[in-house]
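Asker: Listed here are the chains, written in short residue letters.
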Amino acid sequence: MANSENHYRYEEIFSRNIGVISREEQDRLKRGRVTVVGAGGVGGIALIQLARMGVGQIHVIEKDVFEASNLNRQMLSFVSRLNKSKAEAAQETLKDINPEIEVRITKQFITEENAKELLKDTDVIIDATDHLVARVIIHRAAAKIGIPSIWIAVTPPFRGGVMSFTPASSPYEIVLRHPSYKQPLTDEMKEKINALKDRRALHSVQHGADAKWAGAYVNRTSPWAVIAPVANIVGLLASFEAFKFIIQREGLKPVIGPDLIRVNLASRLMVEVQTPAEGSWDNTLL
Amino acid sequence: MQPFINNPDFYWELVRKNIGVYSKEEQQKLKESKLIIFGLGGVGGVQAILAARMGIGHVTGIDPDEFEISNMNRQMLASVSVLGQAKAKVAEDTVKDINPSISVRFVQTSVDEHNAADLIKNHDVVIEAVDDMPSRVIIHRTARELGIPSVGMSGSPPHRGFVSSFFPDGIHYEDILNLPGKGMKLTNRELRKQIANIKKKRAWYSVEQGAPREWAEAFCSGKAGWIITPVRAMLLATFSFHEAVQILTGQIPMAPAPKAILINLDSEHPVQVKTAPDSGWNYAHL
Chain A
109 MANSENHYRY EEIFSRNIGV ISREEQDRLK RGRVTVVGAG GVGGIALIQL ARMGVGQIHV
169 IEKDVFEASN LNRQMLSFVS RLNKSKAEAA QETLKDINPE IEVRITKQFI TEENAKELLK
229 DTDVIIDATD HLVARVIIHR AAAKIGIPSI WIAVTPPFRG GVMSFTPASS PYEIVLRHPS
289 YKQPLTDEMK EKINALKDRR ALHSVQHGAD AKWAGAYVNR TSPWAVIAPV ANIVGLLASF
349 EAFKFIIQRE GLKPVIGPDL IRVNLASRLM VEVQTPAEGS WDNTLL
Chain B
179 MQPFINNPDF YWELVRKNIG VYSKEEQQKL KESKLIIFGL GGVGGVQAIL AARMGIGHVT
239 GIDPDEFEIS NMNRQMLASV SVLGQAKAKV AEDTVKDINP SISVRFVQTS VDEHNAADLI
299 KNHDVVIEAV DDMPSRVIIH RTARELGIPS VGMSGSPPHR GFVSSFFPDG IHYEDILNLP
359 GKGMKLTNRE LRKQIANIKK KRAWYSVEQG APREWAEAFC SGKAGWIITP VRAMLLATFS
419 FHEAVQILTG QIPMAPAPKA ILINLDSEHP VQVKTAPDSG WNYAHL
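Line by line, the protein sequences give chains A and B.
Numbering (this note's numbering) for the first sequence: 109 to 394.
Numbering (this note's numbering) for the second sequence: 179 to 464.
Honestly, the hints are just simulated from the structure, not real lab data.
Virtual Cβ for every residue (Gly too), placed ideally from N, Cα, C.
Do not rely on the hints blindly, as some may be mistaken.
Unchecked claim - Partner residues aside, some chain A positions facing chain B, computed with beta carbon under 8 angstroms:
no., residue
1, I121
2, L137
3, I156
4, P331
5, F348
Stated by the list, open to error - Listed below are the simulated BS3-like cross-link pairs for lysine-lysine, each with C-alpha atoms no more than 30 angstroms apart in a straight line:
no., chain 1, residue 1, chain 2, residue 2
6, A, K290, A, K361
7, A, K305, B, K202
8, A, K352, B, K378
9, B, K274, A, K215
10, B, K274, A, K192
11, B, K299, B, K360
12, A, K320, B, K202
13, B, K401, B, K299
14, A, K352, B, K452
15, B, K207, A, K320
16, B, K363, A, K192
17, A, K352, B, K209
18, B, K267, A, K203
19, A, K203, B, K274
20, B, K363, B, K377
21, A, K192, B, K202
22, B, K401, A, K138
23, A, K252, A, K138
24, A, K361, B, K452
25, A, K305, A, K215
26, A, K320, A, K252
27, B, K377, A, K320
28, A, K171, A, K224
29, A, K290, A, K320
30, B, K274, A, K171
31, B, K209, A, K192
32, B, K377, A, K352
33, B, K299, B, K371
34, A, K320, A, K298
Chain A on its own, in the form it takes in the complex (with noise of 0.2 angstroms):
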């Protein structure tokens, strides 16, 4: 066993890349700077992937702390982390993946005031937070200081979905026909967008989510259930975007919405990029 740093050279971990990925890909990847907003069941996942790909710089944008809760689908999360900061677990093990990975990490909630000043400076923004006003923050910022931003979503019981925002595409709030597009994050305007998952949750009965559930959910006595094969499947398929963002191969184009990633379970065509007829989705039935 090496038993000094200089043996985990950058390029040995990486190795088993080469192939698959060039050498020139591979700098690019190193280079790379990728934030990643929410670092829980998606984002700790695709935090992981990301630091295994050999992502140079990483920024990790989550104020929460490991709960019990949390065991079922989180990969950062161990018995040993509970009440510990989610941020701090993964700058830790992201360095203890690749030791020479640049890991900044803030332990603050999005807001309209910060959201400028923390997003910039990236290559891309994975939004894995489960808040859907965070969410359109999130967005328009990044759309504001030209930087891609990728939406992902995780919904019972076997569903999700990923879509890529650029500044050039059709903008989230169009795309996921949210009330706000243009409007000013209001209190009231806060509402509706909140309500949109709630009419996610009654919707995804349907799918065969439990009824009691759903309900429980609204009256806000059940948190949003998920399991791990879910939330991780969406976490890699964002982190994939992610990828194809920083590598930038011809002919290998992140999904752009309204082309969406849509991932289901139960369905034969378990996971398979879509185009909406209509040119946007109604968030409540994704």
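Got chain A sorted already, so can you dock chain B onto it with the hints?
Answerer: Below, chain B alone, put in the same frame as chain A:
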């Protein structure tokens, strides 16, 4: 935190967010289930973690190897701090840090015709996540003889994968994959060679799918390993693990042979379920 971990409520808090996707009764079944995983590398290592996070009551894990630097690009259990340690030991420590009350048996050994039945008996599902063909055959044959369902997978460059489930009363692993030497002992050296050679054909087919020619040449002469990136390894792990969970909760999985889950991230249908042609799969093309 420590006292809470020993509290019987800890398990139900760990799996709280599974409920809604799975009923309490299904979760109870998972709690009483016994899973065995062969291989604790890029695919099996993730499955061990997912098993603990899903709340499966008992996990057995088998792997002969120790962690090396070039494992770190994809193996979720691999990190700088465990280089040189047995994969079986690291897996055991990790799953216990997710669910301290999980029952485990992790063994540092390879599987062969002599120990397979002893290892597999008394489990509810077998997951095969090894990378050499003769061991794959031994595992699926033995599971079938013992009347236990088994889940198999394989992955090929650049971004392709195959997952299928096998039942004691269903089609044989060796039949659907058109493998030579059905029913013959794998102690026959010539036969082992024939089976191992199929992987060389897969390397050449991968070149047609976009993998580099130099890599296939190096692989066939034993100078290079199979190329595999974290996204493909994780997708294979997650989809095959989902098969195992469907079986354990008493449902029909997505891909009982002759059906299979086919992964190809370079296509419009990145993941889909397909039925094998009447002649079975051409393993060289998977």
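Asker: Between K352(A) and K452(B), is the straight-line Cα distance small enough, at 30 angstroms or below?
Answerer: At roughly 27 angstroms apart (the allowed maximum being 30 angstroms), K452(B) and K352(A) satisfy the hint.
Asker: Assess, step by step, whether the Cα of K267(B) is no farther than 30 angstroms from the Cα of K203(A), and give holds or violated.
Answerer: Holds: K267(B) and K203(A) sit about 21 angstroms apart, inside 30 angstroms.
Asker: For K361(A) and K452(B), compute the direct alpha-carbon distance and say whether it is at most 30 angstroms.
Answerer: holds (25 angstroms)
Asker: Below or equal to 30 angstroms on CA atoms is what counts here, so check K401(B) against K138(A).
Answerer: Distance ~26 angstroms between K401(B) and K138(A) Cα, so the pair holds.
Asker: Let me know if the C-beta of L137(A) comes in closer than 8 angstroms to any C-beta of chain B, holds or violated.
Answerer: violated (11 angstroms)
Asker: When the nearest CB of chain B is found for F348(A), is that gap smaller than 8 angstroms?
Answerer: holds (5 angstroms)
Asker: For the pair supplied as a hint, K290(A) and K320(A), is the alpha-carbon distance within the 30 angstroms limit?
Answerer: violated (36 angstroms)
Asker: Taking 30 angstroms as the top limit, are the C-alpha atoms of K320(A) and K252(A) close enough?
Answerer: Status violated; Cα separation ~41 angstroms.
Asker: Assess, step by step, whether the Cα of K305(A) is no farther than 30 angstroms from the Cα of K215(A), and give holds or violated.
Answerer: holds (25 angstroms)
Asker: Within 30 angstroms, alpha carbon to alpha carbon, are K290(A) and K361(A)?
Answerer: This hinted pair holds, its Cα atoms lying about 28 angstroms apart.
Asker: Using 8 angstroms as the Cβ threshold, decide whether I121(A) counts as touching chain B.
Answerer: holds (5 angstroms)
Asker: For the pair supplied as a hint, K299(B) and K360(B), is the alpha-carbon distance within the 30 angstroms limit?
Answerer: This hinted pair holds, its Cα atoms lying about 22 angstroms apart.
In terms of the numbered hints stated before, the structure departs from hints 2, 13, 16, 17, 26, 27, 29, listed from lowest to highest.
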